[in-house]
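Participant: So the chains spell out like this:
2 protein chains.
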Amino acid sequence: MGELPIAPVGRIIKNAGAERVSADGSEALAALMEAYGTAMAKEAIKLTRHAGRKTVKAVDINMAHEILQ
Amino acid sequence: MGELPIAPVGRIIKNAGAERVSADGSEALAALMEAYGTAMAKEAIKLTRHAGRKTVKAVDINMAHEILQ
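Protein chains in written order, with numbering that gives the first Met the number 0: chain A, 0 to 68; chain B, 0 to 68.
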């Protein structure tokens, strides 16, 4: 955890229509986004191995999203 | 869209257990994470307004996650 920088996450909240965002708000969303990304990546890695590859590609990420949504 | 830097997203995929990650794989996950974050932020902003505030706080983000999960 803690890979995502906080400033871009604050901009995502502003872009969504927020007038102001607290630091703890940006940090909370960064943590949720990273947990979501990790869950999606774990599923994608299973699909990569299933396809006999070692490199995770966009097709694996997108199939993971179809499966997990 | 396009707020998240790609390198940290690649590290999230590596941290999840990937041997290798393609650039398009990292870009695909960054796009999904940003869409997820935007959806969560839009719900949080409604909750912020509902509470009579203008500043999005962690309590709003976390309640949005409870509602949308």
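It should be emphasised that the hints constitute simulated quantities derived from the structure, not laboratory data. We put the CB at the ideal spot given by N, CA and C, even for glycine. Misleading hints may appear alongside valid ones.
[What the hints assert, rightly or not] Derived list of chain A stretches under chain B, where covered just means 3 residues or more per stretch with a C-beta under 8 Å from a C-beta of chain B:
| no. | region |
| --- | --- |
| 1 | 0-7 |
| 2 | 21-32 |
| 3 | 37-45 |
[As the list claims (entries may be wrong)] Okay, the calculated bits of chain B under chain A, using three or more residues with CB under 8 Å as the criterion:
| no. | region |
| --- | --- |
| 4 | 0-13 |
| 5 | 23-37 |
| 6 | 58-67 |
Participant: State for each hint whether it applies.
Facilitator: Hint-by-hint comparison with the structure:
1. 0-7: holds (count 4)
2. 21-32: holds (count 8)
3. 37-45: holds (count 6)
4. 0-13: Answer holds; 8 residues pass the 8 Å Cβ test.
5. 23-37: With 11 residues in contact (Cβ-Cβ under 8 Å with chain A), the coverage given for the region 23-37 of chain B holds.
6. 58-67: holds (count 4)
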